[in-house]
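A.B. asks: Here's the letter readout for the chains.
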Amino acid sequence: MSQPAVRVRDLVKAFEVTRKSPGLAGALKGLFRAETTTLTAVDRVSFDLDRGEMVGYIGPNGAGKSTTIKMLTGILTPTSGEVSALGFVPWRDRRAYTKSIGVVFGQRTQLWWDIAVVESFQLLREIYGVSEADYARRMKVFDDLLDVGRLLPQPVRKLSLGERMRCDLAASLLHEPTLLFLDEPTIGLDVVAKANVRSFLKEANRRLSTTVILTTHDLDDIEELCERVVLIDHGQVLWDGSLRGLRDRHLPEARIRFDLNPIPADDPAELAVGPWRAARVSQGRYQIVVDKREVSTADVLREVVRDLPVLDLAVGEPDIEEVVARIYRENAALRKPAEDALAEGAAPGVVAHRGVRRG
Amino acid sequence: MKSLRFHGRLLALYFAQYVKARLAYRADFATAVLASFLGTAASFSVVLLLFSRFPHLAGWSFPEIVFLYGFSLLPYGLFSVLSLNLYEFADRYLVEGRFDRILLRPVSPLFQIYFESFRLESLQEVVTGTVAIAWAVSRLPDLSPLGLALLPLWAVFGAVIYLSVFGILTASSFWIEDRVGLAPPVFNLMAFGRYPITIYDLKVKVLLSTVIPFAFASFYPTTLALKRADFTPFFWAVPAVAILFALLNRALWRRGIARYGSTGS
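If you read the sequences in order, they're chains L and H.
Numbering of the first sequence is given in the numbering used here, commencing with residue 1 and proceeding in unit increments.
Numbering of the second sequence is given in the numbering used here, commencing with residue 1001 and proceeding in unit increments.
No wet-lab data here; the hints were simulated from the structure.
Don't take each hint at face value.
Result set (DMTMM-like, lysine to aspartate or glutamate): computed pairs, CA atoms no more than 25 Å apart in a straight line [as the list claims (entries may be wrong)]: (1) H/LYS1002 - L/GLU321; (2) L/LYS336 - L/GLU321; (3) L/LYS292 - L/ASP266; (4) H/LYS1020 - L/GLU224; (5) L/LYS158 - H/ASP1201; (6) H/LYS1227 - H/ASP1201; (7) H/LYS1002 - L/ASP93; (8) L/LYS194 - L/ASP93; (9) L/LYS158 - H/GLU1116; (10) H/LYS1002 - L/GLU126; (11) L/LYS158 - H/ASP1028; (12) L/LYS336 - L/ASP312; (13) L/LYS99 - L/ASP134; (14) L/LYS194 - L/ASP143.
Given the structure is predicted, the values throughout are model-derived calculations rather than measurements.
Isolated chain L, as found in the complex:
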């Protein structure tokens, strides 16, 4: 394997935050003695991205996702640690580096607000030195896949969120970057627009083997696009691997859901199936949650079909949202004792907090 496209080692970002006491007295006090606390937004994060990989970078609000992305794109300088991306140190070689990356911040456009979309594209063409021929060819592709053609004459401020996002995506790929950062690329989009954006990204990744790092709240994005996820919470990497592995490790469950015919006369809240219990979901419909570490789903299925008058049956897995929610909860529970200890040791009135403000 050649060198990774992105190599991150022990990346740390800490912010000094001035604590403001409430009220006028507090403001006056702040004039003389400002209390500062250090917030560690990103705490020794390490990972590698191979060329052409599409990786989901996920975590709850304030986990340090955006701070990491800002360091990887060169906007922020880390407190310590190393990043080598496409052979550059992002914050040091910012100008040269930004020529070979694309960035989409879903919340804000990178296009010029008041001018027509096509004029924004022309400015970008000039900035990135894209030839006329390449420009024409790429615009054709964007029109085919994202249907941006008819949006071109309109000023950005008149576009809907979905339209704007499509234009932003096209803009970020106009110079065919080797590395693409997407921060919430489907935020606020409807189902159709989301599907379009996802298939566009898949296509771009396949055709150009662009390395993509994607942060999102919408885990469906991840399920559809990414083989691999890096999950962070409180600035630390909790998981780096496949989505399947994440599920198997943290929520190794299968759900067997079945409808009975005839419906049991007493409509019980629970049914016994061998050693397992099926909980009533609605009238005539029950569910067994199988712990895959203890028994195979097939064994349970066999017994269900043998013992009960099953009309219809489906086996499902917890969706990724659930898995991730479980991990956050476990992590919070794990951290709690440590935080309590920290708070006790700190001066009265100062809340020691290793948590993070930034997302």
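Since the structure of chain L is already known, use the hints to place chain H on it.
C.D. replies: This is chain H only, laid out in the frame that chain L set:
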């Protein structure tokens, strides 16, 4: 050199795109030009009124004052065309987070801040100033041809001085969370440059020739044409002052951007 060509082409394109967007609303633009012109006319008429009473002011004749005033509109107009974003930098770029986008493009951040939008209507000041100078020249028989020939270039240096001073003030938003800032009082100082510096007392003279070097932007550049030999060294110092303040501005922005990189705000 390559970078200069790249930025020059980019500037032309930024400007063209902005003009197109602006002219899409023709009536709106015409109103803005008219309003801007009325503002200039109003402040000019104060000078006219003042001098209709006194044929000479501190040894300066009426046409000379018109020449001075007319010239002061050139650097000021250029500055006004380009300074729109400076005023909004703290709010629109730092608070709203647009500055991230600036840093993500392979173009000098300061270049983007100055040239991302224009106050097009202020070009009328350059036109008005030129007309005033032309009238004054017709009334002043004994002008230095070299001084006249250098006026346009010196107007550009003057604009660089204004842009740099306000660039420096704007860069302070990287350190100070101050919504009002120093810009408005300094802005008012620009008006001082419209009159001969000889009418002010020493303190003002020193101020306008040092820390806030506005005399180098609008008064000293006229002195060669008007053959005021005692100011000749100041006239020739104009390019140096402009370059000095431009470098200062650039250095401060570099440090500000480095600070932004470590604090994210």
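A.B. asks: If a hint holds in the structure, say so; if it does not, say that too.
C.D. replies: Going through the hints against the structure:
no.	hint	result
1	H/LYS1002 - L/GLU321	violated, 51 Å
2	L/LYS336 - L/GLU321	holds, 23 Å
3	L/LYS292 - L/ASP266	violated, 31 Å
4	H/LYS1020 - L/GLU224	violated, 41 Å
5	L/LYS158 - H/ASP1201	violated, 54 Å
6	H/LYS1227 - H/ASP1201	holds, 22 Å
7	H/LYS1002 - L/ASP93	holds, 19 Å
8	L/LYS194 - L/ASP93	violated, 34 Å
9	L/LYS158 - H/GLU1116	holds, 19 Å
10	H/LYS1002 - L/GLU126	holds, 14 Å
11	L/LYS158 - H/ASP1028	holds, 18 Å
12	L/LYS336 - L/ASP312	violated, 44 Å
13	L/LYS99 - L/ASP134	holds, 16 Å
14	L/LYS194 - L/ASP143	holds, 16 Å
Comparing the model with each earlier hint shows violations of hints 1, 3, 4, 5, 8, 12; every other hint is respected.
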